[in-house]
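Peer 1: Here are the chains, one letter per residue:
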Amino acid sequence: MSVVTGRAKKGNRLPMLAQAGPVSLWMIVFVTLPMLFIIFISFMSRGTFGGVEYTPSMESYETMMEITYFHVITKSIGVAAETTIACLLVGYPFAYYIARKPADVASRLITLLMIPFWTNSLMRLNAWMLIFQTNGPVNNFLVNVNLIEKPITFIFTDGLVLLGLITNYLPFAVLPMYSSIEKLEKPVLEASADLGANPRQTLLKVTLPLTIPGIFSAIILTFIPALGTYVITDMLGGGKVLYIGNIIKNQFGTIRNWPLGAALSVLLLAITALMLFLYSRFAKVEDMEVV
Amino acid sequence: MKTKLLAVVLVLVMVFALTACGDSGSESGNAGSELNIFMWGDYISDETITDFENETGIDVNLSYMNDNADSVNKLTAGAGGEYDLIMTCDAYMESLINGGYLEELDLSKIPNAENINKAYWTEQNQKYCIPYLMNYIYVVYDTERCPIDITCYNDLIRPELKGQLGSIDGARNLFPIALIALGYDPNSTEESEIAEAYEWLKKYNDNVVAYGSTETNIVNGTISVMLTYDGNTAEAMASMGDNNTLTVAPFTEDPVQLGFDLYVIPKGATHMDNAYAFLNYITDPEVMAKNLVENPYSCPNDAAVAAASEEYRNGPAFDFDYKENVFFQEDVGDAIKTYDKYYQKLKVGIGE
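Residue numbers (my numbering), protein chains in the order written: chain A, 1 to 291; chain B, 1 to 352.
Rather than coming from a laboratory, the hints here were simulated on the basis of the structure.
One or more of the hints may lead you astray.
Straight-line C-alpha distance at most 27 Å; calculated DSS-like pairs for lysine-lysine [stated by the list, open to error]:
1. A:Lys-150 x B:Lys-127
2. B:Lys-127 x B:Lys-267
3. B:Lys-203 x A:Lys-75
Rough simulated footprint, nothing fancy, chain B against chain A, three-plus residues with beta-carbon under 8 Å [claimed, not checked]:
4. 132-140
5. 148-157
Given the structure is predicted, the values throughout are model-derived calculations rather than measurements.
All residues carry an ideal CB built from backbone N, CA and C; glycine is no exception.
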């Protein structure tokens with residue numbers, strides 16, 4: 001690089017600028033700067049009407065240290081982890097099944113998986129509400145077949161929130177795992193069988209280790225959004241079941257404590273960064289299978 | 001050389017394309033013919049808006065708030081460039097006026113405002129806002145499914161109501177009922193009283209199944225008691241039709257909250273004349289009477305109530321005899337931070 005003349009160097013740079021410039025500018029203006037601003041206001045104090053007063057303060061971080069927030073955060077991580085595990089347990093066999101089908105069948109199955117996403121997610125959540133509400137079809141059926149005497153309150157419970165989260169994020173778990181499993185070379189599996197491994201051993205010693213990048217992408221793609229979600233928990237939880245996403249949303253809405261909301265967002269960012277760091281220890285970030 | 005030039009041009013084009021986007025967004029269309037309103041969703045009939053558009057040729061752009069705080073946030077951040085009319089409520093008027101966030105109204109441009117009952121429109125407010133609708137926040141229960149009769153706020157924390165209660169949300173809707181139940185001023189600014197109210201609300205919260213959507217939840221049987229607005233009650237009762245088993249709780253002593261939703265013009269609004277035209281239109285008795293069919297809330301416009309349908313005037317949601325025993329949400333100044341702190345604790349609600 002040091003031998004290149006100034007002229008040639010300049011000549012190399014402009015096309016690069018043309019290609020990477022716009023997208024970099026876009027990212028800086030619409031991603032980096034807002035993120036830095038969020039970090040900045042997390043160190044400011046709140047105004048009486050909400051909004052931000054630009055006097056430095058550590059108040060938000062001190063508030064965040066209160067035990068109640070610790071509970072909310074552990075509860076949120078817990079439910080995000082449950083969602084992720086459920087998505088993996090359901091998603092992996094499903095992805096495996098699709099990947100073993102001929103290409104045309106597989107693509108049809110993938111389409112089926114995506115069809116629910118053609119409707120707005122609020123519609124899907126409302127559908128869950130209608131199905132499970134007190135005089136909805138599930139309760140009516142259970143009462144009519146005499147399984148229960150009185151309708152059960154399904155809606156506005158942790159259970160339904162979990163169900164909503166799982167159904168919402170399942171495709172994000174299946175797709176990366178599918179593309180990982182699909183890339184598995186058949187001869188590798190045949191070799192495993194030839195060398196005396198039974199199907200269980202092949203799965204544990206060959207298939208699973210080789211599809212780790214897909215599994216890890218699935219974890220990242222379900223865990224991170226599930227951790228930050230607030231729409232699903234708001235609608236299915238009835239504003240009573242609160243997770244960290246709801247708490248952050250409330251800070252910018254009803255409670256009007258923007259600095260605290262910002263500080264909690266910074267915490268979420270930190271958790272996300274930690275996840276990506278862990279991922280980078282297992283696999284290369286650029287190999288992340290996102291189909 | 002050519003490619004170099006092309007690259008530079010390309011970068012510049014893309015950069016300017018970005019700024020161009022921003023510009024065209026704010027300046028598109030004929031500046032004289034639009035009106036941007038920020039208000040509650042599902043709170044004005046589509047017909048009222050279309051009729052206004054047809055009559056005046058003004059394009060109305062409606063954006064919706066989710067919370068009273070949204071409009072206060074907009075107003076205090078300087079919403080004049082973005083909106084011409086913003087809906088807010090009586091509780092915030094004093095601060096908003098003192099903060100200089102509102103345009104003073106020229107009432108000569110709103111002759112129909114004469115129809116508004118001055119009892120609901122204080123002298124100070126007359127300079128800055130036009131009341132739109134008002135709502136009682138009271139307790140309603142299903143006579144068939146609710147396990148107890150309810151005559152005061154303290155009944156709402158009885159353990160029999162666990163899993164039966166639905167409620168509207170918001171610090172300044174919930175804390176006043178707790179303060180009243182405890183015998184304090186509903187607009188208290190004393191931290192010790194607010195803290196006690198918080199303890200009361202924890203029991204209330206234990207009984208609550210869900211916040212929001214009260215009318216849907218009581219009709220579909222999820223809840224049997226609700227703290228809610230009169231307009232939502234009217235909708236719930238109407239959807240139950242002849243089988244209506246809902247009744248407004250016969251409170252004996254506790255006052256109920258009466259709140260107003262008002263239109264204000266944010267400082268520096270760009271379409272002032274259109275805003276005036278709209279305010280005069282909406283205060284027209286006939287127009288408002290028609291709007292009340294879809295939005296059956298209490299209305300401060302006496303002439304409109306007189307012109308409204310029999311059904312509206314005799315609706316069961318307005319059939320309660322303590323209409324005079326009300327309290328208003330007052331501006332509590334800096335104490336709002338105390339309310340918010342305890343409200344936050346209440347909502348997080350675990351591990352003390």
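Peer 1: Under the constraints set out in the numbered hints, which ones does this structure not fulfil?
Peer 2: Structure breaks hint 1 only.
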